[in-house]
Amino acid sequence: EPEVTQTPSHQVTQMGQEVILRCVPISNHLYFYWYRQILGQKVEFLVSFYNNEISEKSEIFDDQFSVERPDGSNFTLKIRSTKLEDSAMYFCASSASVTDTQYFGPGTRLTVL
Amino acid sequence: AQSVTQPDIHITVSEGASLELRCNYSYGATPYLFWYVQSPGQGLQLLLKYFSGDTLVQGIKGFEAEFKRSQSSFNLRKPSVHWSDAAEYFCVSGGSQGNLIFGKGTKLSVKP
Chain A
1 EPEVTQTPSH
11 QVTQMGQEVI
21 LRCVPISNHL
31 YFYWYRQILG
41 QKVEFLVSFY
51 NNEISEKSEI
61 FDDQFSVERP
71 DGSNFTLKIR
81 STKLEDSAMY
91 FCASSASVTD
101 TQYFGPGTRL
111 TVL
Chain B
1 AQSVTQPDIH
11 ITVSEGASLE
21 LRCNYSYGAT
31 PYLFWYVQSP
41 GQGLQLLLKY
51 FSGDTLVQGI
61 KGFEAEFKRS
71 QSSFNLRKPS
81 VHWSDAAEYF
91 CVSGGSQGNL
101 IFGKGTKLSV
111 KP
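For the protein sequence lines, the chains are A and B, in the order given.
According to my numbering, the first sequence is numbered sequentially starting from 1.
According to my numbering, the second sequence is numbered sequentially starting from 1.
These are calculated hints, taken from the structure and not from any lab test.
Accuracy of the hints is not assured; some may be wrong.
[Said to hold, decoys possible] Cross-link-like lysine-lysine pairs, in silico, DSSO-like; alpha carbons within 27 Å at most:
hint, chain 1, residue 1, chain 2, residue 2
1, B, Lys104, B, Lys61
2, A, Lys57, A, Lys42
3, B, Lys104, B, Lys68
4, A, Lys57, A, Lys78
5, B, Lys104, A, Lys83
6, A, Lys42, A, Lys78
7, B, Lys49, B, Lys104
8, A, Lys57, A, Lys83
9, B, Lys111, B, Lys61
10, B, Lys49, A, Lys57
11, B, Lys107, B, Lys49
12, B, Lys49, A, Lys42
13, A, Lys42, B, Lys104
14, B, Lys61, B, Lys107
15, B, Lys111, A, Lys42
16, B, Lys61, B, Lys49
17, A, Lys83, A, Lys42
18, B, Lys104, A, Lys57
19, B, Lys68, A, Lys78
20, A, Lys42, B, Lys61
21, B, Lys107, A, Lys42
22, B, Lys68, A, Lys42
23, B, Lys68, B, Lys107
24, B, Lys68, B, Lys49
Extracted from the complex, chain A is given alone in its bound form (with noise of 0.2 Å):
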């Protein structure tokens, strides 16, 4: 069964410094989705991406995040200068179409020291 995959399933950085998140969604869906779960907490939607552009984003997905589609399979969050506060377990989703099952990766918990 295709699933999506996110790799590291764990990055420790230090504060100040950029990640990358990488994901690999199922292969024919379209769209593609972004959540974070700080320790303790809800599960928040960052953002949603469809066509080459973000279609939907929170206000937690400030200038700091970004997101790109660099290729045909993988979807990637950057941090430009990661804060002790982004320190989260972070989702990456892919469903068919926009009220289709979003799919989730098993995550990559994110430290910031």
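Once you've looked at the hints, dock chain B against the given chain A.
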């Protein structure tokens, strides 16, 4: 604004007992509603979803949920819980732009 409330943070049930996890949503139109499950160290797995039609929806692993518009609820049920059901359960509402709105989650523990 759209929101999802799961009033129970942690529930413990005995193996073989029935289970009901509560969920209330806040949305003007008929929402898209989902239940996802997250086992330790795992990603989020879809249990079931409601888009329209029959208000009682069946999911995987023997779970079902009932959409009740009058109560703004979408409670998850299972008649007999197995030890492997221990996990965190999220009630989720679909936003108009495809963004999902999560409840805080209910952690289920299963006693032998």
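Open item on the list: For a C-alpha distance cap of 27 Å, please report whether B:Lys111 and B:Lys61 respect it.
Closed with: holds (18 Å)
Task: Pairwise hint evaluation, A:Lys42 against B:Lys68, where the allowed Cα distance is 27 Å at most - done: holds (24 Å)
TODO: Would you mind confirming whether the straight-line C-alpha gap from A:Lys42 to A:Lys78 stays at or under 27 Å?
DONE: holds (21 Å)
- [ ] Please work out if A:Lys57 and A:Lys83 have their alpha carbons no farther apart than 27 Å.
- [x] Holds: A:Lys57 and A:Lys83 sit about 19 Å apart, inside 27 Å.
Task: Proposed proximity, B:Lys49 with B:Lys107 (alpha carbon, max 27 Å) - done: holds (20 Å)
TODO: Starting from B:Lys107, check that the Cα of A:Lys42 is at most 27 Å away, please.
DONE: With a Cα-Cα distance of about 13 Å, the restraint between B:Lys107 and A:Lys42 holds, given a limit of 27 Å.
Open item on the list: Hinted pair, alpha-carbon criterion (27 Å max): B:Lys104, A:Lys83. Please report holds or violated.
Closed with: holds (24 Å)
Open item on the list: Tell me if the straight-line CA distance from B:Lys49 to B:Lys104 falls inside 27 Å.
Closed with: Between B:Lys49 and B:Lys104 the Cα gap is close to 18 Å, so the pair holds against 27 Å.
TODO: Would you mind confirming whether the straight-line C-alpha gap from B:Lys104 to A:Lys57 stays at or under 27 Å?
DONE: holds (20 Å)
TODO: Take a quick look at whether B:Lys49 and A:Lys57 sit within 27 Å of each other, Cα to Cα.
DONE: With Cα atoms ~23 Å apart, B:Lys49 and A:Lys57 stay inside 27 Å; holds.
- [ ] Could you grab the alpha-carbon distance between B:Lys68 and B:Lys49 and see if it respects the 27 Å cut-off?
- [x] Holds, at roughly 14 Å.
TODO: For the pair supplied as a hint, A:Lys42 and B:Lys61, confirm whether the alpha-carbon distance does not exceed 27 Å.
DONE: holds (24 Å)
Checked against the numbered hints above, the structure breaks only hint 19 and satisfies the rest.
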